[in-house]
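Enquirer: One-letter residues, chain by chain:
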Amino acid sequence: DAKTTQPTSMDCAEGRAANLPCNHSTISGNEYVYWYRQIHSQGPQYIIHGLKNNETNEMASLIITEDRKSSTLILPHATLRDTAVYYCIARTGNQFYFGTGTSLTVIP
Amino acid sequence: DAGVTQSPTHLIKTRGQHVTLRCSPISGHKSVSWYQQVLGQGPQFIFQYYEKEERGRGNFPDRFSARQFPNYSSELNVNALLLGDSALYLCASSFPRTVLQETQYFGPGTRLLVL
Chain A
1 DAKTTQPTSM DCAEGRAANL PCNHSTISGN EYVYWYRQIH SQGPQYIIHG LKNNETNEMA
61 SLIITEDRKS STLILPHATL RDTAVYYCIA RTGNQFYFGT GTSLTVIP
Chain B
1001 DAGVTQSPTH LIKTRGQHVT LRCSPISGHK SVSWYQQVLG QGPQFIFQYY EKEERGRGNF
1061 PDRFSARQFP NYSSELNVNA LLLGDSALYL CASSFPRTVL QETQYFGPGT RLLVL
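The listed protein sequences derive, respectively, from chains A and B. Residue numbers for the first sequence follow our numbering, so the first one is 1 and each next one is one higher. Residue numbers for the second sequence follow our numbering, so the first one is 1001 and each next one is one higher.
Just so you know, not all the hints are guaranteed correct.
[Said to hold, decoys possible] Okay, the calculated beta carbon distance ranges per label pair:
1) A/39 <-> B/1077: 20 to 30 angstroms
2) B/1069 <-> A/3: 29 to 39 angstroms
3) B/1002 <-> A/19: 28 to 38 angstroms
4) A/13 <-> B/1065: 43 to 53 angstroms
5) B/1065 <-> A/56: 33 to 43 angstroms
6) A/57 <-> B/1007: 29 to 39 angstroms
7) A/99 <-> B/1111: 34 to 44 angstroms
8) B/1052 <-> A/74: 32 to 42 angstroms
9) A/11 <-> B/1063: 36 to 46 angstroms
[What the hints assert, rightly or not] Quick partial rundown of chain A residues pointing at chain B, CB under 8 angstroms, derived from the structure:
10) 12
11) 43
12) 49
13) 50
14) 54
15) 87
16) 96
17) 99
If you are wondering where the hints come from, they were derived from the structure by calculation, not from laboratory data. Beta carbons are placed, not taken as given, at the ideal position from N, Cα and C, and that holds for glycine.
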């Protein structure tokens, strides 16, 4: 499985867009990129996933570069409830490999 | 619909004891995965079961075992507990559309403390 690298922490002002980057330079052609988040001591929550094309759902947008070596999760209007650890996972087969993620703090 | 449920929510054991953790998947999901999350780290994959067969195993010692029942619920067993087994144990269920595309939905976890 491809390894992913993310910044350790980020801050975002409430109401602004939060852009969380992820590098997955060794990703292979059939590996999906998944994003989850984990609010303190709860189970991880699925956000979005994609393979090649940009994806959008009610929670977020996922932008994947053309070479698929990196992606960005966008929370369009961050709220205090979006404060969490965000994990970018490149997955193939039956395993999800979580790194240490990005701790996003939304500031009032 | 109910999400993934896990029991118990919290557990305290002493070194050397055995523990059994339980998980009920989302209705209609046939696959269950187990993860261990120690403080300050991301979840680490332990096992995945699909249709009662083990489909994957992470880098954990043989003290860790699991099984899946005909109703797709699952148990994780840990023998000879060590202090380092203290962690949040997460269960995730999925209905695999393909091997490559499988969204896992996590339960709230069982927090195990080994003294």
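Enquirer: When the nearest CB of chain B is found for residue 96 of chain A, is that gap smaller than 8 angstroms?
Expert: Hint holds; residue 96 of chain A Cβ to chain B Cβ min 6 angstroms, cut 8 angstroms.
Enquirer: The hint names residue 43 of chain A as touching chain B; please verify it with the least Cβ-Cβ distance against 8 angstroms.
Expert: holds (4 angstroms)
Enquirer: For the restraint on residue 49 of chain A, tell me whether the closest CB of chain B is nearer than 8 angstroms.
Expert: This hint holds: residue 49 of chain A lies near chain B, its Cβ roughly 7 angstroms from the closest one there, short of 8 angstroms.
Enquirer: Please test the hint of 20 to 30 angstroms on the beta carbon pair from residue 39 of chain A and residue 1077 of chain B.
Expert: At 29 angstroms between Cβs, range holds.
Enquirer: Do residue 1002 of chain B and residue 19 of chain A keep their Cβ atoms within the hinted range of 28 to 38 angstroms?
Expert: Taking Cβ atoms as reference, residue 1002 of chain B and residue 19 of chain A lie about 34 angstroms apart, which means the hint holds.
Enquirer: Cβ-Cβ distance between residue 1052 of chain B and residue 74 of chain A: within 32 to 42 angstroms?
Expert: holds (40 angstroms)
Enquirer: When you take the CB atoms of residue 1069 of chain B and residue 3 of chain A, is the distance between them in 29 to 39 angstroms?
Expert: holds (34 angstroms)
Enquirer: Holds or violated: the hint that residue 12 of chain A contacts chain B, with Cβ atoms closer than 8 angstroms.
Expert: Not OK, violated: residue 12 of chain A not within 8 angstroms of chain B, min 21 angstroms.
Enquirer: Is 36 to 46 angstroms a correct range for the gap between the Cβ atoms of residue 11 of chain A and residue 1063 of chain B?
Expert: holds (41 angstroms)
Enquirer: Using the Cβ atoms, figure out if residue 13 of chain A sits within 43 to 53 angstroms of residue 1065 of chain B.
Expert: holds (48 angstroms)
Enquirer: Under 8 angstroms, Cβ to Cβ, is where residue 99 of chain A needs to be relative to chain B, so tell me if that hint holds or is violated.
Expert: holds (6 angstroms)
Enquirer: Hey, does the residue 87 of chain A contact hint survive, CB to chain B under 8 angstroms?
Expert: holds (6 angstroms)
In summary, the numbered hints that this structure violates are 7, 10, 13, 14.
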